[in-house]
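Please build the complex by placing chain B on the supplied structure of chain A, with the hints as guidance.
Chains as they are written, first to last, in the working numbering: chain A, 326 to 693; chain B, 3 to 405.
Only true hints are included.
Sample of chain A residues with no beta-carbon within 12 Å of chain B, all distances over it, derived:
1. 371
2. 379
3. 420
In silico DSS-like pairs for lysine-lysine, Cα to Cα no more than 30 Å straight-line:
4. 549/A to 381/B
5. 381/B to 616/A
6. 340/B to 661/A
7. 378/B to 653/A
8. 661/A to 378/B
9. 661/A to 362/B
10. 632/A to 230/B
11. 378/B to 616/A
12. 616/A to 342/B
13. 549/A to 393/B
14. 562/A to 387/B
15. 632/A to 378/B
16. 660/A to 378/B
17. 617/A to 387/B
18. 387/B to 616/A
19. 340/B to 660/A
20. 340/B to 617/A
21. 387/B to 549/A
22. 342/B to 646/A
23. 340/B to 653/A
24. 617/A to 378/B
25. 344/A to 362/A
Derived from the structure by calculation, the hints contain no laboratory data.
We treat Cβ as the ideally placed atom computed from N, Cα and C, and that holds for glycine.
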Amino acid sequence: MKNGINNMFNSKHYVPMLKWKRAEQGALEVLTSENKKYITPVIQFVMPKQKPQDTLEDVVARFKKQLTQISDRIIEVWGNEPIFIDFSLLFTTELKVESIKSILISGHQRHTIFIPVIHLNDEKEIKDAVCSTVKETKSGLCLRLTCTDLLDLSKLNSDIKEFISGYKLKEEDVDLLVDVKELGDDKEKYKKYFNLSQEIINLSKWRTYIFSGGAFPENLSLCKIDEENLIPRLEWKNWKEQYANVKVIRKPAFSDYTIQYPIYKDASQFFHPTSSIKYSLEEEWLVMKGKKQKFELYLASAAELIKDSRYYGENFSFGDKFIYDKAKHFPVYIKKPAVKGTGSTETWLKAGINHHMTLVATQIAKLS
Amino acid sequence: MSKIKFIKTESDYKEALDLIKVLLSHDPNPSSDEGEQLSLLSTLVQDYESRSLPESLPNPIDAIKFRMEQSDLKPVDLIPYIGSRGRVSEILAGKRQLTLDMVRALEVGLGIPAKVLIRKPEIESNSEYQGWDNRLVAEMESRGYFGSRSLKKHSKLELLKDFFSSISAQPQMAMMLRKSNYRSSPLTDKRALIAWSNRVIQKAKKIKVTKKYKDGSIDLNFMQEFVKLSSQENGVILAQKHLKDIGIILVIEPHFSKTYLDGAAILVNKENPVIGLTLRHDRLDNFWFTLMHELAHISLHYNQDISLFYDELETASSGLDEKEQEADELAEESLLPKAKWEVSPARLIPSSMAANSLAKELGVHVAIIAGQIRHKGNKYIYLNKIISEAKVRSYFADEKWNK
Numbered sequence: 326m327k328n329g330i331n332n333m334f335n336s337k338h339y340v341p342m343l344k345w346k347r348a349e350q351g352a353l354e355v356l357t358s359e360n361k362k363y364i365t366p367v368i369q370f371v372m373p374k375q376k377p378q379d380t381l382e383d384v385v386a387r388f389k390k391q392l393t394q395i396s397d398r399i400i401e402v403w404g405n406e407p408i409f410i411d412f413s414l415l416f417t418t419e420l421k422v423e424s425i426k427s428i429l430i431s432g433h434q435r436h437t438i439f440i441p442v443i444h445l446n447d448e449k450e451i452k453d454a455v456c457s458t459v460k461e462t463k464s465g466l467c468l469r470l471t472c473t474d475l476l477d478l479s480k481l482n483s484d485i486k487e488f489i490s491g492y493k494l495k496e497e498d499v500d501l502l503v504d505v506k507e508l509g510d511d512k513e514k515y516k517k518y519f520n521l522s523q524e525i526i527n528l529s530k531w532r533t534y535i536f537s538g539g540a541f542p543e544n545l546s547l548c549k550i551d552e553e554n555l556i557p558r559l560e561w562k563n564w565k566e567q568y569a570n571v572k573v574i575r576k577p578a579f580s581d582y583t584i585q586y587p588i589y590k591d592a593s594q595f596f597h598p599t600s601s602i603k604y605s606l607e608e609e610w611l612v613m614k615g616k617k618q619k620f621e622l623y624l625a626s627a628a629e630l631i632k633d634s635r636y637y638g639e640n641f642s643f644g645d646k647f648i649y650d651k652a653k654h655f656p657v658y659i660k661k662p663a664v665k666g667t668g669s670t671e672t673w674l675k676a677g678i679n680h681h682m683t684l685v686a687t688q689i690a691k692l693s
Numbered sequence: 003m004s005k006i007k008f009i010k011t012e013s014d015y016k017e018a019l020d021l022i023k024v025l026l027s028h029d030p031n032p033s034s035d036e037g038e039q040l041s042l043l044s045t046l047v048q049d050y051e052s053r054s055l056p057e058s059l060p061n062p063i064d065a066i067k068f069r070m071e072q073s074d075l076k077p078v079d080l081i082p083y084i085g086s087r088g089r090v091s092e093i094l095a096g097k098r099q100l101t102l103d104m105v106r107a108l109e110v111g112l113g114i115p116a117k118v119l120i121r122k123p124e125i126e127s128n129s130e131y132q133g134w135d136n137r138l139v140a141e142m143e144s145r146g147y148f149g150s151r152s153l154k155k156h157s158k159l160e161l162l163k164d165f166f167s168s169i170s171a172q173p174q175m176a177m178m179l180r181k182s183n184y185r186s187s188p189l190t191d192k193r194a195l196i197a198w199s200n201r202v203i204q205k206a207k208k209i210k211v212t213k214k215y216k217d218g219s220i221d222l223n224f225m226q227e228f229v230k231l232s233s234q235e236n237g238v239i240l241a242q243k244h245l246k247d248i249g250i251i252l253v254i255e256p257h258f259s260k261t262y263l264d265g266a267a268i269l270v271n272k273e274n275p276v277i278g279l280t281l282r283h284d285r286l287d288n289f290w291f292t293l294m295h296e297l298a299h300i301s302l303h304y305n306q307d308i309s310l311f312y313d314e315l316e317t318a319s320s321g322l323d324e325k326e327q328e329a330d331e332l333a334e335e336s337l338l339p340k341a342k343w344e345v346s347p348a349r350l351i352p353s354s355m356a357a358n359s360l361a362k363e364l365g366v367h368v369a370i371i372a373g374q375i376r377h378k379g380n381k382y383i384y385l386n387k388i389i390s391e392a393k394v395r396s397y398f399a400d401e402k403w404n405k
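Chain A extracted, bound-state conformation:
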């Protein structure tokens, strides 16, 4: 459990990977404190949506403009508990450096623990900014490794050694996040990289050890409106196996990408998602496929979902209550569509992510 900076959490913990967008923020904000005990999110900043006439400078300027408010908003949705913050999706090194300094210091001044996430191949300026800032904030930092890093273990271990000693860090102050990102339907990928991660230098010494990945598909093109779509939550299934495996050197904390595809796509693309409900179950995601811009289908699917034995009930989470309320609105809507109240892509995403995080926190809590 989270009892302070030197005693973050053990393997019975959940680290959801989230983009810092309104739906994700909303989903975090409405988590119960009981569930939050099992959760430490990684939030990844993304650039604001690029308008057609925007230059790169315009977008960067827009992000900078909101920099000062970000730490307050993080505290608003998450409180003062530790949270991982990843800057890697910001556009320029200069922006990353400025954001790191501004947000981390601002959080520190507000007595919160913002733990910066760093990559081995980050530019020196970024590493310098992070390491010098954490000396002040004493939050420690999170080292995020990807598949490419793990492919050459001896080089990886040597790079880690160099980084730790170069910045005069201790493994005890560093969280190790191994992120294999998309799993697709490759059932062996998780195991392969998990086994490789077990050979990382001084594995037992790191402050925490987190293993992440996500099997949620890039899009729902393979899902059908008229058939039940169940997508296996491979990362959960695999993690549970490793959690139960007594032979592993160190058991990792669980991490996933909730109900989203792990690879982030630039929001500037013109894209209308389908009005599909993505509902997490014990071992799978149930996708109730809708159609583009047919928001009323959310209501129809919700009305079906609450009748299904797999629905967790309106009291399970904010997301479930949202689904329930929308389902109850369906008979009103079907008689008088002008009343609207279908919910938007954002509110449905918020509900879906909130349900997912609640579910995983519950699953983790139940583990012996």
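Chain B only, in chain A's frame:
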């Protein structure tokens, strides 16, 4: 004379028959206007029949002989209707044609319909049989309609005559065929439908039914409860048995090639109505919809002057006659009540989950609901998995199904 017109359609034909009835009831003098009208109408009816209706019927002489046999009459007993003993003998020998007076007397006295009596004699009936498409007759042969007899050893005429005379009440058959309601494509060979229904009646006759059907037994409530049998493992067979228990015979007979017949309600013997289904589509949803449609005919049109409803249900719904629309509506209401459909999420999203929950709520097989969702929403590209997995022909393995 203003009411008489050239007969082009089934409706014109029925109108002409009605007019003949009226004229006969006036007992007109042959040289009077009405007598001329009657004569002209008879000619027009015969002309239409020779063009449109296959002659699968007995000629007038056969009809008289059949009634004599049925009522144990001797030639002498026909004298009051035909005239002298010599005239009776000439008529029965086919040497003399029936006069209008004789037709009237035989219809009133012996109950032989005038429509049968005014038909042309045997030689022309034979030519009608000769007009049957050879491919159709060959298909009948391959289906075993002629028993062990084949076209190699027997003439088409002989086989067809025997096939149609196998139903004992041949004049009734004649009536029946004229009292048919066709919901079919103009391209459908009506002879194939007649052959099919004759076969269905043959099969029905072999089924022993102790219960007589009571008019009014079938209504919406009955149908809504009845369709719940579909949710059971062998619901199709249970349905057949349940119908038999209320005096309705359900017969399965595959459709003829180049016809699109789904089923028929046959009300020739009102004590035991027969429902014939072709199972043209090997799909449970089709089975139940067609069955409910035919039951709807029995429920709604039992006391109307129609003996046989032929239903090619995929015929475009626009322009359907009132009876067909009524039967469709009752069938749909029994399978998926409008009140449920109006507020169902399935109206918006044709998902398997929506189909399953609606089926569970109504206590019926999910394929029925899937079929209704596709039909009502005109969304035939959806729910194929549910539809294609729910088969029905396997329950009737004795039939020869095309692969």
